[in-house]
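Residue numbers (this note's numbering), protein chains in the order written: chain A, 1 to 292; chain V, 1001 to 1292; chain G, 2001 to 2292; chain X, 3001 to 3292.
No lab work stands behind these hints: they were computed from the structure.
These numbers come from a predicted model, not from an experiment.
Glycine included, each C-beta is placed from N, C-alpha and C at the ideal position.
Check each hint, because a few of them may be wrong.
[To be verified] Derived contacts from chain X toward chain A, CB cut-off under 10 Å, selection only:
#: 1; residue: Asp3036
#: 2; residue: Gly3088
#: 3; residue: Tyr3110
#: 4; residue: Leu3114
#: 5; residue: Gln3117
#: 6; residue: Gly3119
#: 7; residue: Glu3120
#: 8; residue: Asn3122
#: 9; residue: Lys3124
#: 10; residue: Ser3249
#: 11; residue: Arg3251
#: 12; residue: Arg3262
#: 13; residue: Asp3292
There are 4 protein chains.
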Amino acid sequence: MDPSTLATLLISCADRRGLVAGLAQVLSGHGANILDSDQHTDRDEGQFFQRIVFDVAELNTDRGTLERAIAEVAARFSMTYGLAYKLGMDGLPNRKHVAIFVSKYDHCLYDLLLRQQAGELNCKLAVIVSNHPDLENVARQFGVPFKLQPKRRDNKHEAEQCELALLQEFHVDLVVLARYMQILSDDFIAKFPGEIINIHHSFLPAFIGGRPYHQAHERGVKLIGATAHYATANLDEGPIIEQDVVRCSHRDEVTDLIRKGRDLEKLVLARAVRCHLDDRVLRYGNKTVVFD
Amino acid sequence: MDPSTLATLLISCADRRGLVAGLAQVLSGHGANILDSDQHTDRDEGQFFQRIVFDVAELNTDRGTLERAIAEVAARFSMTYGLAYKLGMDGLPNRKHVAIFVSKYDHCLYDLLLRQQAGELNCKLAVIVSNHPDLENVARQFGVPFKLQPKRRDNKHEAEQCELALLQEFHVDLVVLARYMQILSDDFIAKFPGEIINIHHSFLPAFIGGRPYHQAHERGVKLIGATAHYATANLDEGPIIEQDVVRCSHRDEVTDLIRKGRDLEKLVLARAVRCHLDDRVLRYGNKTVVFD
Amino acid sequence: MDPSTLATLLISCADRRGLVAGLAQVLSGHGANILDSDQHTDRDEGQFFQRIVFDVAELNTDRGTLERAIAEVAARFSMTYGLAYKLGMDGLPNRKHVAIFVSKYDHCLYDLLLRQQAGELNCKLAVIVSNHPDLENVARQFGVPFKLQPKRRDNKHEAEQCELALLQEFHVDLVVLARYMQILSDDFIAKFPGEIINIHHSFLPAFIGGRPYHQAHERGVKLIGATAHYATANLDEGPIIEQDVVRCSHRDEVTDLIRKGRDLEKLVLARAVRCHLDDRVLRYGNKTVVFD
Amino acid sequence: MDPSTLATLLISCADRRGLVAGLAQVLSGHGANILDSDQHTDRDEGQFFQRIVFDVAELNTDRGTLERAIAEVAARFSMTYGLAYKLGMDGLPNRKHVAIFVSKYDHCLYDLLLRQQAGELNCKLAVIVSNHPDLENVARQFGVPFKLQPKRRDNKHEAEQCELALLQEFHVDLVVLARYMQILSDDFIAKFPGEIINIHHSFLPAFIGGRPYHQAHERGVKLIGATAHYATANLDEGPIIEQDVVRCSHRDEVTDLIRKGRDLEKLVLARAVRCHLDDRVLRYGNKTVVFD
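The following block holds chain A by itself, in its conformation from the complex (with noise of 0.2 Å):
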């Protein structure tokens, strides 16, 4: 449906007049036609974002002119930004590379193999990670390699430091924690130059932490739900992409909690990661914006 010729514009920065009009004006004037954009402003914190699409079909100049006239702007009015286009310089997809990781629970790493296949994921599935063998039969039939990266109390740094080479090897942009059930440093965060998606299952900020399903059971709540949120140093208090919910009743034992979560835990984590490859996603404090 979208042209290969397409390019995603993703910008922050503090609010000033004219910003809007001076990007729709450096993209008009090389010939990139605006097919999309999105705007929002925070005026507590005065910041601007915005999510332009464009059409390089009929540029009136080449890739590295419109860059650098971009650049010019976004240094004039002090912007974060981030640019990608649908097809690299080669011609081939521009697509994110991922990789995933989990430990025993296969639901999350079926569902994300399966919409990849389905084609809802723009991104390459680079690689599986885990601290488990169980699921490497999972990665084989979908035709991902898995790397086993066992881990105990005494290798925790030796592992992670093999899984920052792991993820180096195979250009790794985004790990997305698919109910991965070990805690990473925040060395490793802080080391890991992409972004990172975990999924909880439990509607943060309530039930922080283990086991949330039975922390859920034992308040007595009405209803059940799932986060997807960027990792942080803080465990469980990173920006929150996307959240739902499902109605619970005292029928329910932790059983059916767990049952009706793996179905929430599934759809909120494949909507953040399309977000964020879809490059919808913006960080700003422990805050996102989410454009639609």
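Add chains V, G and X to chain A, keeping to what the hints say.
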């Protein structure tokens, strides 16, 4: 729709075999026709709960005899139970008397008044109690007595004594805190023999305490919630009756959350009050069973 | 929150390159600061839609000059557009005048009156028109003029002429059919220069026509819905603005569906009216674009 | 969780007094312990429905005697009923045999296979039948027999005869049409002694027939739905078991509706199948009672 000869029996006790048959038999044996029956067993706790709606139109005995027979079964199984007839012995509707406590927000108050007027709430709205005079006019429009009971730091105890006296005067069975901005003392809660339902404007246990919409905005959640619960000595920690959520986004400022939240608060509180009035809710520990 | 110096521009036209930049430039060039902009391109139809909110506080020219410049761009791109300032030239709020048409049901009427009172609806409730006297008292409580216009089979044409005169007298921009139980003639719809929003108590296109809750009960659906749409000559077939549903079950009799439906109707109608009043809705063909 | 000594009794009959007590008494009298009981009376139709789960661990008699006693009560009240033990007389699980019919879409098939593997579906997936070879590989991964039965205009009758023979061979109790793109003949439906559950990709009765997502897009709805129903001679008009919806907007092209719809279809079909397998669904007329 419901014939005026209905009665509802709400039961809880330790689970034992023969319970269901025992009750069915005593009702049937006296000519009561069971129209609806719902039950639940909490296997972890070994607790049994049942709600039975039956028709006494063709009793082959009198109410007193039936009641003694029920009491006898209840004693045999160590049941706690409540029995409510649709009509009293005087032939008049046997409706719970409700007091609504408000401060300045009118949305939940209007909502309850309009639902009562529309016949959705099977109760008598006995009195509206407020620490501010602002909503007296609303009370007058709907013909419900309005009692002003100001509260200051230094008169809280005396004020609560007056409120308890009011509740007694108006034979109140249920107090609804419809965005009442005062915290009731443990003493008040302990002394009031009926139930107290509160609406908290968050998805509990997230955002306990004050200004939950501000907290939610600060955290950057993608859904906001509301929770109706029984008031207990521990603020916002009582048994949850009903919860719901609505989607929000980065576009929503705190004022938008407050606006969206008003609709949620109304719906969630009204559903909880309605369930309580229809004898559908059983408290146990810090949880509820809410029969459909 | 919104400064009083805001203006909103709603645009639709055939998609052409340079549109976005052209508009951004003309606004920026006159000192208008673009605060929010959302756009949509229907690729199948080749249609372009945009909503721009801008601040005129620091115009380097006057409104008239800006308007002529906008008109010039609009002509160049064959745009259809609407421009609405938050404040008129007289410094007074520039609010749409709304007429609410009702019959005997009061829930949507109360809901709109209370939302207007709470500041949720950016409009003046100019007049309430009804074919029954029942709700006059409600209108009086909120200080809105109430006009009784009875309708019989034999006076329908004359009655509509009177209604059209009323709408003219009260300078009405928007008619809201808040469960109005009369069908407006094609002629009425054609002659009224503003828009008419209707609430239909089903999930259109299911259950078109009369007694949709009875139809839904008969069909045994597990969800019921409500639909707010612009009225057109073809009953229940106008462009849909907003829809929502609520879960039901075998336990729900028709009266339960009607009760649950009231909440839905209120919410769906209010959201649609609010979007319309905030200039977020663009009609095209038999569809709408509703900007967030 | 459920002890292996459970049994479920599903009953429907004309409403008569004494029903509930009669059944409770016969079960209790034979030492069966009632763990869960839910009932419903359709007052318009005068029909009574009940689902009873009981434990036969401490029967004071044998199954045969209990069954004769149940049959006797059933005869007395002209009940239609079904009795299902968790374990058969041979001590093996008494699971329904399910055939899944598919064409080329794999999402519902994968979903059912994964749920079965996760223990969510209390059944044996006996056979996968398809008119295309595409999904044979998926069937093989999960170790379920795959039977190719091509269908052309001129072999439809013969093909259905082969399918009926397959269903008999695999002792199939339930056929699930998991986006099967062929219409089954009335004759097939009449001859298959079990039930057939279909998933229709719209919120029935809206968008009956072919290409419902295209119809939905054309109509400009703001929600799309999916409906699981029992197949009957009238296409898309059988008794509805479960429905759900998801929000869409002007931004969604048909391909987006198809993508969003896949998640809906999976969830709705799986919930319906699960309810059916747990003996929670009773058909009557063109409706269903679905016990929680």
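Structure-based check of each hint:
{"no.": "1", "hint": "Asp3036", "in the structure": "holds, 9 Å"}
{"no.": "2", "hint": "Gly3088", "in the structure": "violated, 24 Å"}
{"no.": "3", "hint": "Tyr3110", "in the structure": "holds, 6 Å"}
{"no.": "4", "hint": "Leu3114", "in the structure": "holds, 6 Å"}
{"no.": "5", "hint": "Gln3117", "in the structure": "holds, 8 Å"}
{"no.": "6", "hint": "Gly3119", "in the structure": "holds, 9 Å"}
{"no.": "7", "hint": "Glu3120", "in the structure": "holds, 6 Å"}
{"no.": "8", "hint": "Asn3122", "in the structure": "violated, 12 Å"}
{"no.": "9", "hint": "Lys3124", "in the structure": "violated, 19 Å"}
{"no.": "10", "hint": "Ser3249", "in the structure": "holds, 7 Å"}
{"no.": "11", "hint": "Arg3251", "in the structure": "holds, 6 Å"}
{"no.": "12", "hint": "Arg3262", "in the structure": "holds, 7 Å"}
{"no.": "13", "hint": "Asp3292", "in the structure": "holds, 6 Å"}
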